[in-house]
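Visitor: Residue numbers (my numbering), protein chains in the order written: chain A, 431 to 584; chain B, 431 to 584.
What the hints contain is simulated information worked out from the structure, not anything from laboratory work. Certain hints may be false.
All copies of an identical chain are treated as equivalent in the list; a pair is satisfied when it fits inside any one copy or across any two copies.
Once the Cα atoms are required to be at most 20 Å apart in a straight line, the calculated EDC-like pairs of lysine to aspartate or glutamate come out as [stated by the list, open to error]: (1) LYS564 to GLU510; (2) LYS550 to GLU572; (3) LYS457 to GLU486; (4) LYS536 to GLU510; (5) LYS536 to GLU553; (6) LYS484 to ASP519; (7) LYS484 to GLU538; (8) LYS556 to ASP535; (9) LYS527 to GLU553; (10) LYS506 to ASP490; (11) LYS583 to ASP490; (12) LYS550 to GLU486; (13) LYS564 to ASP535.
Small disclaimer: the values here were computed from a predicted structure and weren't measured.
Each chain, letter by letter, is given below.
Number of protein chains: 2
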Amino acid sequence: MNKVSQILVGGALGLSILTAASAADPKPQDTVDYRKSVYTIIGWNFAPIGAMMKGEVPFDAAAVVRHAQYVEMMSKAAPEGFTKGSGPDAVKDTEAKPEIWTNWDKFEAKMNDFQQEAAKLTEVAKGGNEGAIKAQFGKTAETCKACHKAFRKD
Amino acid sequence: MNKVSQILVGGALGLSILTAASAADPKPQDTVDYRKSVYTIIGWNFAPIGAMMKGEVPFDAAAVVRHAQYVEMMSKAAPEGFTKGSGPDAVKDTEAKPEIWTNWDKFEAKMNDFQQEAAKLTEVAKGGNEGAIKAQFGKTAETCKACHKAFRKD
């Protein structure tokens, strides 16, 4: 039974549909599943912006705004996926390096860089200027790479 | 190499960092990974609201708003995870029933119900009234269950 099933099992009025474990106290594997999901959605939305920037698909200003908003929202959702105890010592299937937790200030700074550039990408996207979007897309991508290089196993 | 790595491979300026396949033309498995991620994030955010409604954790109005906003955003992100050709005939690891695509109008109606109730949950959450939130949480949960019952394998 998957997570959503666990959440929805039971009562019809939403008052008894949660298992205690699934809500207040996520297990390490749940946290890892969550953070992977966050990055999957970031990639899903970042990729089509890049395809437009490369000219592979036609530029669509409204689509860029929508995708950028999802990247921004997910950048703000990412930190809660890195709670203590969700590293490679607790779960097998993660590319997160232990350095995230032993060097938290540096990780937090890089996460903050990503959040800031992603927020700017939404702003710039709303302006609709393709050249400006391309430049800001590049800056945002740099923050992805910088964090992955330091804190993710390849 | 995972999806984000594929996206970020290559050029330093974000102009050549995308593989063609990853962006303009997602593979069925990418689409399935995406929609699973959407529902993982929905569950992650829906669960703590439920825990508050059950009194397992203290009511926190600001947290409810934040979680409800993520559920709402993800409800709007869900449909693009159900493109034609991403059903159980194309990929093994999915609980999506073929009826989604053979009975698309009904699926779309149930998705729409979810989106509407999730949007209302954000609205109600902003009001901060715990009783009203509890009622709207229940209505939203009902739309989850109705769609799962019709369109998801258990």
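Visitor: Looking back at the numbered hints, which does the structure fail to meet, lowest number first?
Guide: 1, 5, 6, 7, 8, 9, 11, 12 and 13
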